[in-house]
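Okay, here's what each chain looks like letter by letter:
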Amino acid sequence: MSAKAIEMNGVRKAFRFFTLEDVSLDLEQGQIMGLVGPNGAGKSTTIRLLMGMLTPDAGSIRLLGHAMPAQQALAKRDVGFVSDDMKLLPQATLAWHMDFVASIYPGWDAAYAAQLLKRFGLHAGQTAKSLSTGEQAKALLLLALARRPRLLVLDEPTSGMDPVARQELLTEFMDVLRDDSRSILFSSHNTVDVERISDRITFIDRGRVVASDSKDDFIERWRTVRLRVPEGMPDWRLPEIVHRDVDGPNVTLTVDGFSDDFLARLGAPVQEVHRMSLEEVFVATVMHSREALEVRP
Amino acid sequence: MNVLTRKLVAKELYLYRWLLVGAGAAGFAGLLTAASGEIGFNIGFIVWLTAIIALGVMLALFGVASERKERSLLFVLSLPLAPGDYVRAKLLGLLACFLLPWAGLSVGALALILVMPGIADGLLPYAVLLCVFLLMNFAFVLCAALHISSEAGMGGVIILTNMSVSLFMMGVGRTSEVGAHMLSPTPVWNAMFWLLLAAEAAFTLLALSLPLFTAARRRDFL
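Read top to bottom, the protein sequences are chains U and F. No gaps in the numbering here: position 60 of the first sequence is 60 in my numbering, and each next residue is one more. No gaps in the numbering here: position 162 of the second sequence is 162 in my numbering, and each next residue is one more.
Any given hint might turn out to be false.
Computed list of lysine-lysine pairs in DSBU-like fashion (alpha-carbon distance at most 30 Å, straight line) [claimed, not checked]:
no. : chain 1 : residue 1 : chain 2 : residue 2
1   : U       : Lys129    : F       : Lys11
2   : F       : Lys7      : F       : Lys69
3   : U       : Lys118    : F       : Lys7
From chain U, some residues computed to sit far from chain F (all C-beta separations above 10 Å) [unchecked claim]:
no. : residue
4   : Thr19
5   : Trp108
6   : Arg275
What the hints contain is simulated information worked out from the structure, not anything from laboratory work. No residue lacks a Cβ here, since even glycine has one placed at the ideal position from N, Cα and C.
Given only the sequences and the hints, what does the whole structure look like? Please build it.
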């Protein structure tokens, strides 16, 4: 099937104190998209809209080519969804959950499930209520991964996990993508995890998508540039400059759209140029977007 | 009924199996106590009645409200189903959980009236109406649980439905058409009995079908 894994166009959803505004997302099959945003940015709302649990006020959503929420039962056959807000049925054992999910999904891979059980250090006989937060998350991921879905939708899947468990999990995600028809949408406020595995990254803040691009483009475009300007600050009007920190003659510029041409237009002696981590890019993007919203009439 | 609905119904029966066994055992213990004499009858009847009411309340609370509160609803909704399928499966599953002990305990109570020499058979119509009223009561609590997400709201519904059992027993017991024949040697199946039974059946069906037209069609299910 050639349809995109995810297509959201101009989606709007209003609540009493929060509005998701004009959200558009595209995810090709075989890609991992990291959805990054601060707490309360709208990541979970976006994902719940995508999964058909909420109905948008405006816009359209397609999941694996199926219109949502109308065709959610059909779409969810090929989707593994895990959220940090999700819990297993407390009275039932993990073995019961595995049998239950296996009986619903024809693609259930029992050998892979057994392998994950061992790798995650879980015991099938444990009841869900006896699992720790991290074990719950691993158990939910086991149930999602072993059904071999075409799309994994993961809402903060690594929250509550120790670094070793997070690393195990990220390795599993990469394993899923060995089959290039499978895709992952992965929301987190942990930019380290997102940077490690994502092909595409979308930043969301206060209910709006503030940037969406490939990870390589983000990393290539953004720089911090340090200069010394003893004669005073020039009147730069360069659109690439997103932020400037001035400490006497020392100036640090945050730049979106860095290039040799930009350096030439800067017209000042540059001391250092640094690549930015995804976290720095994220913070700069969000702050810039907030400033732009504040000055808008 | 599709495969997933069957699995979800089986899920409810599996999850609440010990509750069903417990309520059934308590109810039958009540019936045995009721067979032991006049004082035993009063104590046993209260145990029997409490077992059925508590079963209904706990099924609605654990099966719907706790699933929402403990966040396992999201797990169920991640399965390949629409909200309408979820509501239908939940109604069927919890109804099956209630009907199994309720049917056994109702038949047990009616048999006790027929078999015990000290209890007049005239009590049968009243007992039938009471049993169906308890079913209707459960249907109301379940319907409310599928519509109301606040704990205070559900608390109010439970208090009102529990009170309604006492009011029903008092009210029907005092009617000349049903209550007056309770001590008769033979049961009197008159028009009032059939009218009340039909009303109970209609309200039960209404309470069980309402969520299919309202809760199942909510735009936002979380």
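Hint check results:
1. U:Lys129 to F:Lys11: OK: lysine 129 of chain U and lysine 11 of chain F at ~17 Å, within 30 Å.
2. F:Lys7 to F:Lys69: holds, 22 Å
3. U:Lys118 to F:Lys7: holds, 27 Å
4. Thr19: For threonine 19 of chain U, whose nearest Cβ neighbour in chain F is about 14 Å away, the distance exceeds 10 Å, so it holds.
5. Trp108: holds, 13 Å
6. Arg275: holds, 38 Å
This entry satisfies every hint, going by the numbered hints stated previously.
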